[in-house]
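Since chain W is already given, all that's left is putting chain S on it; use the hints.
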Amino acid sequence: MNGDDDNELVVDGPTTFPVGRRDFLKLTSTGVIVLMAVDPAHAIQETERPQTARQGYPTDLNAYLHVGADNRVTCFVGKVELGQGSMTSLAQLLAEELDVSLASVEIVMGDTDLCPWDMGTFGSLSIRSFGPVLREAGAEARAVLLLLASERLQAAPEQLVVSAGVVSVKTDPTRKVTYGQLTEGKRIERTLGRKATVKPSNAFAIVGKAAPRRDAIAKVTGKAKYAGDIVPPGGALHARILRPPSHGATMTQVDTSAAEKLPGVRVIRDGDMVAILHQHRDEADAALALVKAQFARHDPPVDNETIFEHLVQRAPQGQRAASGGEVAGFSGATAQTFKATYRDSYMAHAPMETHSAVAAVDDGKVTVWVGTQTPFPVKNQIMGALRLPADKVRVITPFVGGGFGGKSASRQAVEAARLAVLTGQPVRVIFGRDEEFFYDTFRPAAVMTIASAIDASGAIVLWDYHVYAAGERGAAHFYNIANHQTMVYGGWSGAPVAGYHPFAVGPWRAPGANTNAFARESHIDVMAAKAGIDPVAFRLKNLTDTRMIGTVQAAAKAFGWTPKAAPSGRGVGVACGIDAGTYVTLMAEVVVDKATGHVQVKRVVCAQDQGVVVNREGTLQQVEGCITMGLGYTLSEEIRFKGGEVLDKNFDTYQLPRFSWVPTIETVLIDAPHIAAAGAGEPAIVPMGAVVANAIYDAVGARITQLPMTPARVTQALAHI
Amino acid sequence: MRTVTFTLNGHPTRLTVDENRMLLWVLRDDLGLTGTKFGCGATLCGACTVLVNNEAVRSCATPMKAVDGKKVLTIEGLASGDTLHALQDAFVKQLALQCGFCTPGMILGAYAFLLKNPAPTRAQIVEHMDDHLCRCGAHVRIVAAVETAAAAMKGATR
Chain W
1 MNGDDDNELV VDGPTTFPVG RRDFLKLTST GVIVLMAVDP AHAIQETERP
51 QTARQGYPTD LNAYLHVGAD NRVTCFVGKV ELGQGSMTSL AQLLAEELDV
101 SLASVEIVMG DTDLCPWDMG TFGSLSIRSF GPVLREAGAE ARAVLLLLAS
151 ERLQAAPEQL VVSAGVVSVK TDPTRKVTYG QLTEGKRIER TLGRKATVKP
201 SNAFAIVGKA APRRDAIAKV TGKAKYAGDI VPPGGALHAR ILRPPSHGAT
251 MTQVDTSAAE KLPGVRVIRD GDMVAILHQH RDEADAALAL VKAQFARHDP
301 PVDNETIFEH LVQRAPQGQR AASGGEVAGF SGATAQTFKA TYRDSYMAHA
351 PMETHSAVAA VDDGKVTVWV GTQTPFPVKN QIMGALRLPA DKVRVITPFV
401 GGGFGGKSAS RQAVEAARLA VLTGQPVRVI FGRDEEFFYD TFRPAAVMTI
451 ASAIDASGAI VLWDYHVYAA GERGAAHFYN IANHQTMVYG GWSGAPVAGY
501 HPFAVGPWRA PGANTNAFAR ESHIDVMAAK AGIDPVAFRL KNLTDTRMIG
551 TVQAAAKAFG WTPKAAPSGR GVGVACGIDA GTYVTLMAEV VVDKATGHVQ
601 VKRVVCAQDQ GVVVNREGTL QQVEGCITMG LGYTLSEEIR FKGGEVLDKN
651 FDTYQLPRFS WVPTIETVLI DAPHIAAAGA GEPAIVPMGA VVANAIYDAV
701 GARITQLPMT PARVTQALAH I
Chain S
1001 MRTVTFTLNG HPTRLTVDEN RMLLWVLRDD LGLTGTKFGC GATLCGACTV
1051 LVNNEAVRSC ATPMKAVDGK KVLTIEGLAS GDTLHALQDA FVKQLALQCG
1101 FCTPGMILGA YAFLLKNPAP TRAQIVEHMD DHLCRCGAHV RIVAAVETAA
1151 AAMKGATR
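Top line first, the protein sequences correspond to chains W and S.
Just so we're aligned: the first sequence equals residues 1 to 721 in the working numbering.
Just so we're aligned: the second sequence equals residues 1001 to 1158 in the working numbering.
Honestly, the hints are just simulated from the structure, not real lab data.
No residue lacks a Cβ here, since even glycine has one placed at the ideal position from N, Cα and C.
One should not assume that every hint holds.
Stated by the list, open to error - To give a feel for the contact side, a few chain S residues facing chain W, derived at Cβ under 8 Å:
| # | residue |
| --- | --- |
| 1 | Ala1047 |
| 2 | Thr1074 |
| 3 | Cys1102 |
| 4 | Leu1133 |
In isolation and in its complexed conformation, chain W is listed as follows (with noise of 0.2 Å):
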């Protein structure tokens, strides 16, 4: 499942999902916790292959729900609450196969001993991957109960109807008994003896209907915890932990002795570990402060603005993602030819909560409350690095406060469960933000280059793509074009060569996606600008995907746009692209000042086809989130670093999409009833970054080929037009 052919299992004991050999050593040989740099769980999200049902998941439809005898409904999930509202969805889409009402039923997510197996929360693969499977166990348990309350009642089971929990006689509904009374409460052993058949979608009541997100009011009024608000009985410890100044560093001297002094604080020292502890977290970080250390770095010769000669001298062996037609033999006849090299920056997750745990021992058992996307992975973690079986760690996942991809990695996790080992006591890790903007795992810096030609009618008859670092997804185009080509060399999930990156990468939302869609859907305009065509005129002449000609109409009907060859100097810009099975075009219009550099977007609208809409308003919700936090890859973010040094630690220099950025937002969702529900959470970020850059051209003629596109390098822009 990670890509290891020896995924053999190494720890001792029962464990619910093997670790790697390559895993293994990553977490031992250092005599730290060092986190899965390639995290196993991530090979669904690289190849876009969406799941069967039930790979991988139990087929007991006892592990997903749980029918009370007062007739409340409990369903189990390996997911997590990141905020994007699956909390809803999903219990909606089992309240939906097993005909009861939605405030029935009861969710509990993420907690490793009560839920089925899951590999994590990412990909917006919640939905379209995990809903089919729990969809057919509600629909396998509705035809059970059918079955056990057909003989109760003594009625044939197309006799009956069962509405909000309540099975009754279609003929006579004063015969009727309650899914409760049927399983008292207990497991539902009776098996169907053949797949039970969902719903198809024009019979919907509850999916595709607005219902009120379940985490709103604790989320108001302080009382959701996630978590670092975990208080295990007694109380835990705050623990500080030595960090090193950059990446690659090693500690070769300690001076505890100062810490030591201050009241309340206990330090651990194990292995290369220097953990500072104490019950007020303002305090141990008083303690922390005092200790003195020296390190010997070792930072590689790279630098955020060095990188990208490093990204592709290094690259690997590139692969074939897609091609047809001769690209290399080429000889068709064409107007005008193009070339040219994109460039994306390393970005952090930034999540407002910081990688936080609370650990806490009892009876030998270690049981970890993590904020994380992947609690079951981060148990196999911590089973590895404490030599644990599997029924002595439990992961309970509360609320977890933004997780964009970088709360796979759950260093945190295995740092508190050690610690909490080592003394004794519950411990809690909450990462400063520095530590956070440290050991992220950020989405990776990336090299794209493009050789394409258009013909004298402005067909796109030549396409040879290379991206280097920012991965597959999202990287083949969609157009109609004969002779192309599209070459990966390395993604985003880890290094392909050691000394690849200065730190650890990872997935970002839509990991390599947004950076695909800004060198693509940029390119797409310079051909346009170059043939003296509209850009939607032009996107839709090379376009045959029916469904991709569906949005850009959709949009531009939403958005008033009317055909005018780039830069118009209106300001107006469109961009496409297709991530998590879904389809979607946004247009934008911004206003760039020309002596700052300082570009405002003002208006955005997404048109969307995402199949099923099994939440509008969460939907809707997901939309604006991704337009929003897509200023700030367009714009703004980007992470500054010199050597193994991340130079960005704080708010103050790593600029995150403000309230004064957010333009105005319209969402058009196409109406697909009869195509399964794909992604919603992550394709409308993806053209973010090239509908921004197509506008600023439109308004201002100047092409800005690197991300984000800052006053700097919109002022450089300007000045080389």
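Showing chain S alone in chain W's frame:
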């Protein structure tokens, strides 16, 4: 160490603490009020915002000596029993949150603002909220929620 006396969510509170410790960690670690969040530790994100004498402050940089004799309001003290405050209600109804981690600070920042500016324009709300960070991108809905709450409150505190 000294004794600091203040009103916390309407309750008289007396603590013996190091007066230079920050309110954020006293609330979280000493008093168990975890609705106030740690986001950056440097007054840059707004997640730890609480009210001291009706002024929004960043509790990560507010020492205990600064709250002596004052009224402190945290997110736990905003609702009246099970009845949500108009701002909380508006955040729920407008879906003005996703992960929820910035939400307590957002609501309290907006509350302090509405106490002073009961009928703000949209531009004034945006300007005031600009130093509160939200990573999920709930901004559009947060602004709408503050507008809705301002209309519902009509200049009152609830």
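Open item on the list: Holds or violated: the hint that S:Cys1102 contacts chain W, with Cβ atoms closer than 8 Å.
Closed with: Since the shortest Cβ distance to chain W is 5 Å, the answer is holds.
Task: Closest C-beta approach of S:Leu1133 to chain W relative to 8 Å, hint status - done: holds (5 Å)
Task: Agreement of hint S:Ala1047 with chain W interface, Cβ distance less than 8 Å - done: holds (6 Å)
Open item on the list: The hint names S:Thr1074 as touching chain W; please verify it with the least Cβ-Cβ distance against 8 Å.
Closed with: S:Thr1074 check passes; min Cβ-Cβ to chain W is 7 Å, inside 8 Å.
Going down the numbered hints, you'll see the structure goes against none, and every one checks out.
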